[in-house]
Amino acid sequence: MGIPLHLYLPIAGNSVNMLAILGLGGAVGLLSGIFGVGGGFLMTPLLIMMGIPATVAAASDSNQIVGASTSGTLAHFRLGNVDFQMGWLLLIGGVVGGTAGVQLIKLLRALGNADFLINVTYVIMLGGIGGYMMVESIQSMRKQKIDAPAPEPQKESVYARLVTSLPWQVEFKRSGVRLSILMPLVLGVLVGVLAAIMGVGGGFIMVPVMVYLLRMPMHVVVGTSLFQILFTCINVTIMQAWENHTVDFILALLLLIGSSIGAQLGAKVGRKLHGDQLKVLLASLVLIVMVKMLYQLLARPDVLLAYVGGH
Amino acid sequence: MKRLGIAAAALLLLMAVTPAFAIDSIKMTVTPSELKIDAFYDGTSVSVSGTAPSDSQVVLRFLGATCDLHMKERGKVLGIMWMNLDSLIFKSVPSVCLVSSAVDLESLGSGGDGSAIKGLGLSGIKDSARVASNGIDRKTALEELLRLKQGEGLYRETVGNVTYGSATGAARTFTARIPIPSRLTPGDYLVEAAAISKGQIVARSQQPVTVTLVGFPAMLASLAFGHSALYGVLATVIAILAGLAIGLVFQSKGAH
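Protein sequence lines correspond, in order, to chains A and B. Okay, so the first sequence: first residue is 0 according to numbering that gives the first Met the number 0, each after it adds one. Okay, so the second sequence: first residue is 0 according to numbering that gives the first Met the number 0, each after it adds one.
Rather than coming from a laboratory, the hints here were simulated on the basis of the structure. From the three backbone atoms N, C-alpha and C, an ideal C-beta is built for every residue, glycine too. Treat the hints with caution; some may be incorrect.
Cβ pair distances, simulated, as ranges [stated by the list, open to error]: (1) P3(A) / A228(B): 30 to 38 Å; (2) G126(A) / G42(B): 39 to 47 Å; (3) A228(B) / G175(A): 56 to 64 Å; (4) S106(B) / I123(A): 33 to 41 Å.
Assemble the whole structure, with the sequences as input and the hints as a guide.
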């Protein structure tokens with residue numbers, strides 16, 4: 000045998016095929032670069048299928064997202080797609096929300112049946128977000144085909160009136176919107192709470208929030224989301240390594256090499272796609288994950304046991 | 000339980016009657032006695048050779064340390080959705096159990112004390128392990144555990160990987176190659192041999208095998224467990240630098 004294809008992962012306690020991990024990293028990185036999501040919701044289950052313990056898979060994936068989102072943020076920054084002003088505000092909100100969410104989940108667990116609540120929330124959130132994005136972007140694509148320039152008559156919705164009436168209005172130049180700084184802060188908190196409860200980075204909740212509630216252009220959303228994910232995952236990686244010893248650096252590095260390259264390509268692919276096309280694709284992805292979650296809930300598992308700390 | 004009690008009593012009786020014979024008549028060497036896990040470890044094998052009474056069959060077991068396994072039971076909520084429900088604990092189950100023999104254990108047990116022989120196999124774990132659970136019954140829980148561990152390659156019964164040489168007097172030689180899975184953690188393991196004749200265990204022997212991490216995995220594991228905060232920070236910093244480096248490589252290729 001020439002070059003050894005397998006590497007032993009000391010924290011995961013198993014060996015893996017290097018090419019398989021590099022390929023997996025590349026595929027998820029591509030999605031991450033296109034849509035501005037971390038991809039944890041895809042990567043973690045695939046790693047578990049490859050024989051990596053669930054806790055190690057999730058923690059090492061966070062470590063790899065640190066690298067991939069650095070690379071992705073850099074790529075989007077060069078394309079002028081990162082709104083740092085908005086990103087910082089969302090991040091501050093996210094950290095506060097995440098901390099609150101962790102406490103909330105402890106409370107829920109003490110009350111019992113928390114897993115049930117989490118799973119159902121997950122499916123409803125994914126179904127709702129995915130469905131709404133899908134319908135909205137398909138409608139918008141149709142409209143453009145029929146009468147391209149006709150500006151739709153703007154009717155002031157309650158939401159729009161609320162947004163304009165909030166204090167501390169600030170111009171977000173990169174996103175081209177004028178909003179109260181309370182908006183990203185409060186929405187950041189909400190996403191942070193949800194992400195902590197679901198145990199995910201929150202990229203695929205944050206993206207629709209930025210698109211529909213902050214009214215940011217899709218391309219800026221992707222870059223800004225990656226910037227925000229970078230910091231969330233730095234926090235998760237250090238905490239997991241410190242408290243639970245579940246970060247396998249070799250695994251993370253292999254995934255990272257694959258996913259950083261994927262993320263670079265993804266940023267370029269995303270650039271070529273129209274905002275609405277991006278939304279339709281992301282909506283499809285979210286709906287696929289929703290169906291997968293629903294299937295897992297309804298189908299009888301192979302083994303009626305689960306390791307503690309897994310999903 | 001009754002059968003188990005009889006089996007234990009029979010074993011005690013056997014050991015009391017023929018102590019010297021029972022211990023001395025099976026000899027074996029295990030190579031290597033220390034398994035080293037380096038960066039490129041992807042499973043290995045252990046060779047066992049020795050002598051056993053010529054009219055006996057040898058059953059070999061590669062065993063990991065026993066431990067308590069904390070798990071969650073999966074069950075239905077509202078009659079349709081599968082969820083992780085009650086916690087349960089498997090008490091003193093081996094982390095690894097690889098059973099090797101020339102013929103299957105069922106046939107070895109015939110004509111004698113079948114349950115003692117069966118106890119050498121995976122079903123032995125099912126009979127002896129204790130389960131602390133509020134919901135799922137003990138039998139189902141252990142069957143599920145066996146399925147899980149077999150799926151992971153950590154519990155296995157292999158028939159046909161023990162071969163015998165020619166007999167010289169009362170003893171004959173045996174050799175075996177036990178495949179060791181890639182999913183292996185460092186620690187103390189044991190190769191246990193039992194000689195079975197006419198449905199009875201007539202001799203037992205055991206040899207320790209240690210599994211250690213060497214090279215890069217050893218370094219990384221000691222950093223991760225010994226200096227976990229530093230490890231976390233380093234993992235993050237290296238990831239950021241690698242992400243930046245890959246980003247710069249793409250820029251220098253002239254994407255614009």
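Checked hints:
Between P3(A) and A228(B) the CB atoms are about 32 Å apart, so this pair conforms to the stated range of 30 to 38 Å. At roughly 42 Å, the beta carbons of G126(A) and G42(B) sit within the given window of 39 to 47 Å. A beta carbon spacing of about 42 Å between A228(B) and G175(A) contradicts the range 56 to 64 Å that was offered as a hint. In this structure the hint that S106(B) and I123(A) lie 33 to 41 Å apart at CB is violated, the actual value being about 56 Å.
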